[in-house]
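Visitor: Residue numbers (our numbering), protein chains in the order written: chain A, 31 to 255; chain B, 31 to 255.
Note that these hints are calculated values from the structure, not bench results. Be aware that one or more of the hints could be misleading.
Covered stretches of chain A, going by a simulated chain B footprint (3 or more residues, C-beta under 8 Å) [stated by the list, open to error]: (1) 122-134; (2) 179-188; (3) 191-200; (4) 205-217.
Computed from a predicted structure; not experimentally measured. Glycine residues also receive a C-beta, built at the ideal position from the N, C-alpha and C atoms.
Residues per chain are reported as follows:
Number of protein chains: 2
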Amino acid sequence: MSRYARKVSTTPAFKRLPRAVREQQMLDAAVRVFSRRGYHGASMDEIAEEAGISKPMVYAYLGTKEELFVACLHREGTRMMEAIAGAAAPDLPADERLWRGLRAFFGFVGAHRDGWAVLYRQARGEQPFAGELAVMRARLVEVVAGMLDHALRAERREVAETELEVVAYALVGATESLADWLADRPEADPEKTATRMMNAAWLGAGQLLRGVTWRPPSEQGRAPS
Amino acid sequence: MSRYARKVSTTPAFKRLPRAVREQQMLDAAVRVFSRRGYHGASMDEIAEEAGISKPMVYAYLGTKEELFVACLHREGTRMMEAIAGAAAPDLPADERLWRGLRAFFGFVGAHRDGWAVLYRQARGEQPFAGELAVMRARLVEVVAGMLDHALRAERREVAETELEVVAYALVGATESLADWLADRPEADPEKTATRMMNAAWLGAGQLLRGVTWRPPSEQGRAPS
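Given the sequences, and given the hints that come with them, work out the whole structure.
Guide: Written out as structure tokens, the structure is:
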């Protein structure tokens, strides 16, 4: 899908393991340097030094600074999606699935505040990074819309695809906005942020204003109606 | 607040009107060119030509391309805030105030799809534009949090400031995400998008999945409980 993924697939089989390990080390170094300096401020010299490897080797493995940034974005995005997917359990009720997904997502952002702040924010407005992010966001919207659709089918109800898509876009946008909020507040607790987001998303402002709150099923038998 | 606002205020009084008019013409031209070419692709030559004015005059009035882009962002953002503020009526119930704000906002985005797509998306990730946008978003979050607080006080309830802030961030993020959705779909109706957003924001996913929907008070006596 990304240039990075394509590049990996052309590596000869016998070299795959050491190359993959070295690439991960380079990506770790690149994420640290991009987090420290921002995309424009980061230099390939600093990234090479941080990785303990020569600059020509960095170019040979991962290409230009732009390609390296895309590779960082792609890896961090994949890790994020894996964290969310790992939390999902299709047989649970929709509210608990949403809650688990949100908890995994905010847990990821909380553990990667620097990476989030730099990689995602910077990528949002700049081509070709914005395109990579748009692909990730679209995948996330699909996951959320699929979950809502699954919940509707379980109740033998149907809703037009556009309606599901709109709710999914709203949920992803709200979550992204709160991820920014969390990334800026080192003192904020990721799980508490997930609960707040769950309240806003599941109950809506109308019920919140009336004092209704949602609690994870583990804290009380079932979510309040 | 912005460089642009400061610049206007230093204009001698006797020159204010013609200067203000010319500046608006230049900004109109700049928004069109930025929409067509993007920030990096736009040239001051093309903007000057579009405005029917010499390039040195554009520089003299509005500064560098960067300052011109900030001025465009600032003007469009102010217009958007005015559209939202103009729709507000503090004595209405919270749901109707939110609905009117959303309708005004999506109406604005629908009427300025090109400007939204280019100005806001481009500004999101790039300094110093991201700073300007962050200021606008913070103002919008304050407006929404203030509205929620007002609604709570009316019912003599109180909620920690952080809780209000989080709900406001979620609402603004969800709305922004749907604005992107709307900007990409020339066939989508702004008012219908506002109603969908209202449903997601006011009722939450939980009630939507149960088939509850919110309707503007004009369409039926009161919003359903």
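Visitor: So which of those numbered hints doesn't the model satisfy?
Guide: none
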